[in-house]
Amino acid sequence: MKYPYFPGCTLYTKAKKLDDAGRECSLKLGFELDELKDWTCCGATFPLVNDQHITMSGPTRILADTKDQGNDKLVTLCSVCFNVLKRTNNVMLNDEERRAKITDFIERDYHGEVEVLHYLQLLRDEIGFDVLKEKVVKPLEGLKVACYYGCLLLRPVKEIGLDTMEDPSIFEDFIRALGGEPIEFPYKVECCGAFQAVHSMDTATRCSRDILRSAKNSGADVVITTCPLCQFNLDDRQPEIQKSDPGFSSIPVVYFTQLLALALDLPAEELGFERNLIDPLPILKEKGVIA
Amino acid sequence: MGELIELTGLKDGEPVTCVAVFGDHADFESVPVDRRVMVIGGGITGITSAVDLGNAGYQVMLVDRLPSIGGRMLQLSETFPTLDCAQCTLTPRTVESGQHPNVLLKTSCEVEGLKGEPGDFTVSIRQKITYVDWNKCTGCGTCIQKCPSQSIALFERDAGRMTAIYTLSPQAVPNKPVIDAERCRYLTLGKCGVCAKSCPVEAIDYEQQESFFEVRVGAIIVSTGFDIYDWKNKMPEYGGGNIPDVIDGLTFERYLSASGPTAGAMIRPSDGKLVKDIVFIQCVGSRNPEFHKAYCSRVCCMYTAKHARLYKHGVHDGQVYIFYIDIRSTGKGYEQFIQQSVSEEEILYIRGRVAKLHRDGDKVMVQGADTLTGKKIEIAADMVVLAAAMVPNDGAKELADILGINYNDDGFFIEDNYKLASVETGQQGIYLAGCCQGIKDIADSAAQGSAASSKAMVLLSSVRRQKQEAV
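Residue numbers (the numbering used here), protein chains in the order written: chain A, 1 to 291; chain B, 1001 to 1471.
Possibly wrong hints are sitting among the right ones.
In silico DSS-like cross-links for lysine-lysine, where the CA-CA straight-line distance does not exceed 25 angstroms [said to hold, decoys possible]:
#	chain 1	residue 1	chain 2	residue 2
1	B	Lys1312	B	Lys1273
2	A	Lys135	A	Lys37
3	A	Lys216	B	Lys1356
4	B	Lys1234	A	Lys158
If you're looking for bench data, these hints aren't it; they were derived computationally from the structure.
Bound-form chain A, shown alone (with noise of 0.2 angstroms):
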């Protein structure tokens, strides 16, 4: 089974082991992610107003490809692409008259066809979690995961529709699935401040610190997120939280098909985990979920 794929920028570069373990993963799971041909970047944020659409024409160009490669759905790892996606099909699909305009632009026939489907909703709804929990050769018995959605994933709510906004659980049926054990924590659809972090790093440290903090009261181990920029804020601000916090101790933030590939038994040392400041290894070799 193949699924047409988009990584986005992002997943090429800074983000390239949540790509690399998103597509080891689906072949142990049976399918394939099938890379889009020609893709370009999705332009990462979805206008706020109601007459800005060149921002569009970009995702919507993506979005007719797919159609035009004869595909009816489209798979993404990242949040903001698939919220970018995501939204903008919807624009396609119910707007008549902004998608005149942006398709009379691109000079393209787009109408919404496409299904932009998020990797953890293709595993809940297409594979299912009960099929997934079969194929788990390691589960992550014992360790304890905040699973933190951020506010990509989730919201606007009505517009995105993969879970409720203020307590989901698609997140931690997926690490009960891979054996796990999901703690909750009540900063989970905080927003990581990332938006501000060029503008106002100080309110992205303090975004940053509070989930971090409340995940690690809570008992947590790691942080999982399916956000680029959440795991670039979360990790990346941690020694800038501990010079103003020296009592906060640091915990990994990792992308959350790198917990799946460790759970369908792929090498660890193949998912980047290097790439991360700090070192996940220590907490999961302590736990027993590595050797």
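Given the coordinates of chain A, work out where chain B should sit on it, guided by the hints.
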């Protein structure tokens, strides 16, 4: 027995007669159908309607599905804007309706069907099982004292404890107990029977069956009241009911009540510690068209200010924070009440909404925003009180279907004309009053109760006149 007296007079020069009832304890069935009215729902609204009609000489059957009348108002502590005791205001009226010669209380009853036409309806009523023969029961309360089964009290909104055989409150009218079959040890386990043994008049009847009866009335007044929005299931951002120190406003009324679970002491549910920092959040589930209810719940601004003041009267050094969108205080003396709260009681009003509540140690962390300064605010509170939206009582839609009246998307019954016929429905002879029609405070509810009773009288007197003219 009441006395039926024929009154005669002149109309267009022709003599006409009508029938009136005088004297006490008239039998409901003894008067003509066009002198009988049914009131469904025995809160302050229904009681007002019933007493008005009774005083006008009509026979009234006041039906409530709960074992006693009084409704939501009986749960309140003190009422705005005068801060007088709700029970002290209400109890004389519940007692009056209980003892009124023309008012017949039918509690633990639900309306099942309706036939007939305006002026002569036949209503089928289901009498629920109470397991107590109220004809024998004297209301002595021995059974309640002896009952060994303790569980969460409905009247106290899950805050206090109650026995399996209970009256809703100590001031219950009628003051006769019922057994909660799901909690009764005899009915669930087959062992116990303490209440039956202790009852001096053998009123306990574990074998009691549901019964049905029909009654003919000329008009019907619907006053089924309100409930609180299901924030526990619909608002996970406020803890979804899993944080014990986060409660709704109606529950807080019980905490404020001298007759409530804490006897009025300002202690929090989780560990019984004195509450020093308390946060009130207004517009919880209301004024939120995207996810919850679009309407303004209308009384929350006032009752939150009242809550804050009553709290300050109990804990002088406590700090009160109120998150609000804006303050709506449109009644007589209401704005002065709010201004007084701000200036004299040192209550801190913060304009903004709360995004999230979560527990941190023994505190409830309140994450909100002050939209006047543009700053994010975090407060470590001992207790949080949510002014949750008021919604129509559950079962209101089913009742509307039985009665053939309409309701809007939110479940409020639709009146004939909002401005000029606010108590009439599309169905002649069926009237609305109180919160089932739309949210209102006690003063407005009582006024509408009186309005509905007078509209019923207008209809029934015209029915009588037509009958007489036909003869």
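Hint by hint, here is what the structure shows:
no., hint, verdict
1, Lys1312/B to Lys1273/B, "16 angstroms, holds"
2, Lys135/A to Lys37/A, "30 angstroms, violated"
3, Lys216/A to Lys1356/B, "19 angstroms, holds"
4, Lys1234/B to Lys158/A, "15 angstroms, holds"
Going through the hint list in order, the structure does not satisfy hint 2, though it satisfies all others.
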